[in-house]
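K.L.:
Residues per chain, in single letters:
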Amino acid sequence: MRLKEQILEKVFLLSAFAAVVGVILVFIFVSIKGIPIIKSIGITKFIFGLDWAPTDKHYGILPLIIGSFIVTFGALLIGAPMAIGTAIFLSEIAPSQIKAIVRPAVELLAGIPSVIYGFFGLIIIVPLVRMVFGGSGFGLLTGWLVLAIMILPTIATISEDAIRAVPRSYREASYGMGATKWQTIWRVVLPACKKGLMGATILGMGRAIGETMALLMVLGNAPVVPKSLTAPASALTSIIALDMSYASGDHQVALFAMGIVLFLISFSFVGLIRLVSSRG
Amino acid sequence: MRKCSRRPSGRPKLLALLLLVSIGTGCARGGAQKTVSISGSTTIFAVAQAAAEEFNKRNPDVKVTVQGGGSSAGIEAAITGAGDIGMSSRDLKDEELKAGLVEHIIAIDAIAIIVNPDNPIKKLTARQVRDIFDGKIANWRQVGGKDVPIVLVNRDEASGTREAFLKKVMEGKKFSKDAVIQPGSGQVRSIVASTPAAIGYMSLGYVTPEVKVIEYDGTRPSKESVFKGKYKLSRKLKLFTKGRAKGATKKFIDFFLGDWVQKNIVSVEFIPVRG
Chain A
584 MRLKEQILEK VFLLSAFAAV VGVILVFIFV SIKGIPIIKS IGITKFIFGL
634 DWAPTDKHYG ILPLIIGSFI VTFGALLIGA PMAIGTAIFL SEIAPSQIKA
684 IVRPAVELLA GIPSVIYGFF GLIIIVPLVR MVFGGSGFGL LTGWLVLAIM
734 ILPTIATISE DAIRAVPRSY REASYGMGAT KWQTIWRVVL PACKKGLMGA
784 TILGMGRAIG ETMALLMVLG NAPVVPKSLT APASALTSII ALDMSYASGD
834 HQVALFAMGI VLFLISFSFV GLIRLVSSRG
Chain B
16 MRKCSRRPSG RPKLLALLLL VSIGTGCARG GAQKTVSISG STTIFAVAQA
66 AAEEFNKRNP DVKVTVQGGG SSAGIEAAIT GAGDIGMSSR DLKDEELKAG
116 LVEHIIAIDA IAIIVNPDNP IKKLTARQVR DIFDGKIANW RQVGGKDVPI
166 VLVNRDEASG TREAFLKKVM EGKKFSKDAV IQPGSGQVRS IVASTPAAIG
216 YMSLGYVTPE VKVIEYDGTR PSKESVFKGK YKLSRKLKLF TKGRAKGATK
266 KFIDFFLGDW VQKNIVSVEF IPVRG
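These protein sequence lines map, in sequence, to chains A and B.
Residue numbering for the first sequence follows the working numbering, starting at 584 and increasing by one per position.
Residue numbering for the second sequence follows the working numbering, starting at 16 and increasing by one per position.
Treat the hints as calculated values from the structure; they're not laboratory data.
For every residue, glycine included, the Cβ atom is placed at its ideal position computed from N, Cα and C.
Below, a list of computed lysine to any residue pairs in the SDA-like style, where the Cα atoms sit at most 25 Å apart:
1. B:K192 to A:L812
2. B:K72 to B:V288
3. B:K188 to A:D833
4. A:K640 to B:I94
5. B:K192 to A:F631
6. B:K161 to A:S811
7. B:K261 to B:A65
8. B:K108 to A:D634
9. B:K108 to A:T638
10. B:K108 to A:P619
11. B:K192 to A:D639
12. B:K108 to A:S831
13. B:K192 to A:V844
14. A:K810 to B:S209
15. B:K189 to A:A814
16. B:K251 to B:T140
17. A:K810 to B:P164
18. B:K189 to A:A636
19. B:K192 to A:I626
20. A:K810 to B:K192
21. A:K640 to B:D106
22. A:K810 to B:V163
23. B:K192 to A:G643
24. A:K640 to A:G832
25. A:K628 to B:D193
26. B:K189 to A:F631
Far from chain B, by Cβ distances over 12 Å, these chain A residues were calculated:
27. E588
28. A601
29. V604
30. S623
31. I626
32. I653
33. E675
34. A683
35. P687
36. A756
Bound-form chain A, shown alone:
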């Protein structure tokens, strides 16, 4: 019995360790391939360069960074309130029959492959945006709408957990004071789980900035600082995916260096979650 316990302990330790080793290995590999960028192109020219044209040997990724951030924050702006609304509805309002429909639907949404979201965007949202705003239909706005749906389940499920973690006694006390349901939710429950909601939102942000396939299909892939929300744009991830198959030399180094940039952005999101959840 004792032996079995020990073995199990080691097995779990090993699996936990695998995650750490995985992160470190990926980071080291991407860094080794990407760091030569400092010598070959120059870090300022790379990060702040406005011209991404691999065939002309121009490797400035600022337009792609800007694209990545605008598409992420726009998706959050649309997706986060919707997701938190869903979470409130599920945990505070919905009767159990409706819950039985909505919750599996949200969970299913999380399991749909991103290429399917891209396809959905291409077939439904691109023509819709084109009809309403003219132009090609490809661009940031389309990216926002597709990504908003994609990050909804991430934010909604974690927010729901956070809301449920608020002790029942808080609600009972609020009702006891004569507060309505809305007052209880808005003034008592939500402030009590503010941290959890923020954590959920940041996690959604991480999901959004790393999204690739769907963006490749709906953004239009023009490597420019977008002039409008309905003009074609690019994200770091989608350009890596687009170029990886044929890139060589400096171009390939630039793609790996973009991987480092994405890594650092992801790290800072994780750091942000830690910061938010450690503050009292």
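Please arrange chain B on chain A, whose structure you already have, making use of the hints.
P.N.:
Then chain B, alone, in the frame of chain A:
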């Protein structure tokens, strides 16, 4: 993050796998090369696929596998040895010239300029096309069409078609950066087919009735107009091998250039190099 690793690694991994397979089977059968892997231009892909099928039928001891990836990927594979043959719809760039590749011209192809069927425009001059793709002309009204902004659809930089178009049409001017970029001719076609104000270009072999081909500089692209040299937007489609082709690779290339493939497969979509 986890999703982004899927697509980029797909092709190189497959190529590596192909290489392994080719080494593996080659050794197993006493050193003779029995697998030929061919990859690159999506323009040539369908034709190469059809030729490979017939070749495999006639030569059961040799296995020819065909992959896309774009001209640049094909040339890269031929240079590094990840593949036996690279398909390309563009010429070699300076840095690729030194790699010792041998070219085999398999067909001549026209690049058609396409618009949405609802677009009243029927023809454009070379200069108008250049100004449109350069971004100088941004509204269809400027070339006699409706008053709507032009939606440019361009190919990605791995594309040989893009490279050929750049060389033949743009004459030193750069492509407008505001274009929608798509990684394949199929995507370009479907966007132009569904977007009223769109303009794009692709191999004549890829054109379907969903899109409208316009006259370029007074000539419609067709096998005859290209053959007679009237249609200016044509290019050679090539296979590249590292050094002179040998063994099964040579056999396949000879088959590709032979009468049967040229007559029954190549001539359906392109202009054959013979007859």
